[in-house]
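Undergrad: Respectively, the protein sequence lines represent chains R and B. Sequential numbering from 429 applies to the first sequence in this note's numbering. Sequential numbering from 5 applies to the second sequence in this note's numbering.
Derived from the structure by calculation, the hints contain no laboratory data.
Derived DEER-like restraints, expressed as beta-carbon distance ranges:
id, chain 1, residue 1, chain 2, residue 2, range
1, R, R555, B, D186, 40 to 46 Å
2, B, L140, R, L443, 31 to 37 Å
3, R, V432, B, A228, 46 to 52 Å
4, R, W708, B, E124, 23 to 29 Å
Looking from chain R toward chain B, a few residues come up when the C-beta cut is under 8 Å (computed):
id, residue
5, G695
6, G699
7, A702
8, G704
9, G706
Backbone N, C-alpha and C define an ideal beta-carbon position, used for all residues, glycine too.
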Amino acid sequence: MAVVAYVRNATGPILPPPLAQRGAIGWLRANLFSSWSSTAVTLLLAAFCLWTLPDLIAWATTRAVWRAPDGALCRAHQDGACWAFIAAKLDYFRYGSFPPTERWRVDVVEGVGAVLIAWLLWPRAPRRGFGALLFFVVYPIVGFVLLRGAVSLRLPLVDTQLWGGIFVSLLTALVGIVFSLPLGVMLALGRRSRLPIVKAASVVFIEGVRGVPFIAVLYMAENMLPLFLPPGWSPDRFIPPLVGAVLFAAAYLAEEVRGGLQTLPRGQYEGAMALGLGYWRLTGLVILPQALTLVIPGLVNNFIGLFKDTTLISSVGMVDFLAAIDNGLKDAAWSGPTLLATGYAFAALFYFVFCYAMSRYSAAIERRLALGRRQ
Amino acid sequence: MANGPIIEFVDVHKWYGAFHVLRAINLTVGRGERIVVCGPSGSGKSTLIRCVNRLEEHQRGVIRVDGVELTRDLRSVDEVRREVGMVFQSFNLFPHLTVLENCALAPIWVRKTPKREAEELAMQFLTRVKIPEQALKYPGQLSGGQQQRVAIARALCMNPKIMLFDEPTSALDPEMVKEVLDAMTELANEGMTMVVVTHEMGFARNVADRVAFMDEGEIVEINAPNEFFAHPQHERTKAFLSQILR
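Could you put the whole structure together from the sequences, leaning on the hints where they help?
TA: Right, dumping it as structure tokens:
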């Protein structure tokens, strides 16, 4: 008869998993070759890559024309990119028609901005509160003065008509991102409010802006903004597109944030209320930190979209990065069949680098937050 | 004010839509008194104690906490909430803050205590519930029993006059129930006014001054624990106790 009772009297050894389960072989087995269909797809994709990638990489590197005074060499080498065109026009792509002697001002604004942004985004940076003060209060004033110019400081005025290229795109995206998030959060809180007027106003704004294409928002801002300002105040030509970008992005962000607010368990509100925290305190200290981290993927998604949507400001007369490339393509000295592809490949690379950086940063933040909230 | 009852329910009614969830509740709780409320699920016991700090609003009758009547007035509600601490079944700790930050949050932002003082206070209470070494961890890294004790410490950091417990051990694994009940017993022995909704009859017998039985929105019977458990008067109380005390 089988023995039913059993008592273990010595603990067994703790062993590592078998060789086929760990290391590179284990990863390959689990991710690329885990089943017959998975193996088939892996092989198909590998074949596709081998068929297309070498040609593409050669077009961009080995067969490309890197240096040339004009388009003749590019016209002669039609199977490669014309990077010489980009090199020749690079200053125009970066600064637009900003006067060459004053371009250092754009560089300073971009450099300081990059340092401040890195300071604020680095999770373990010291004294981030001070950095926030610099970035949100001091930097806009200093940046505005530097870019626009001030006669009293002996900085020649540079009309915004001359601004163009990369720095306009970055500036629009930065202003759009920085100002749309607080506005979006307020709209989301307003939509969830129990006060009927606040709620109705938020709903009307969000649904109204979401129902209209971005270009239309830009046109409306262009034509209607002067109506909202005191008579005699005519805003700089750059202000309406910035306002339009902020309002547009805020409406979409509001819905993202509202999704996060809804997902948060009711117990969090109750726990905070039971401690005596008033509405704004509990929203700022307990609810928003959690709700915003819940929707980071969605927020970054919106920011990435906004970054690329800024190109639409060219339809209201601003020369953004893509418009600068379009202008450069019209140069007769460089015309040739490879020019279009080269120009847009460069644009794609630029946008890809920034958008990919944003998405990697958000992934890192999500990982870091997940560590502290293992529940 | 210092001598009257600390909680007063006078003919309190509450409806959820058409459902009459609290019916003619009359209850006074004296200072330092410990009340245990028991009853079947759906009887309104959680709703009852949630009315004390206005997490639920009553539609008829008067509720007074330490002399302050609970009305729509937001300032009186906040005033009451500062003096009433609550411990929830699902802990409701803030997962994005450390244990220490959880406890110090309310003193810093509601009582305007300076940060260092608030953190010292928090450490004191964490020591009282016997988990000072967990102060810098996040709630997600603690066991259920530890999280509930943090919740108790967090409520105590506001120096409340009343502590409400809404089924504090119902979501815990059995081996962790004792540590939480011990913390609550210690609190009771120090003279805190407590209103506890629980199924832990042992706790009720040892700690309560009075035990109340609620069913279908009414307080059916309320009595001192010996009397309540030994000689239940009402039919429904007898039926309930026979099911609970096997």
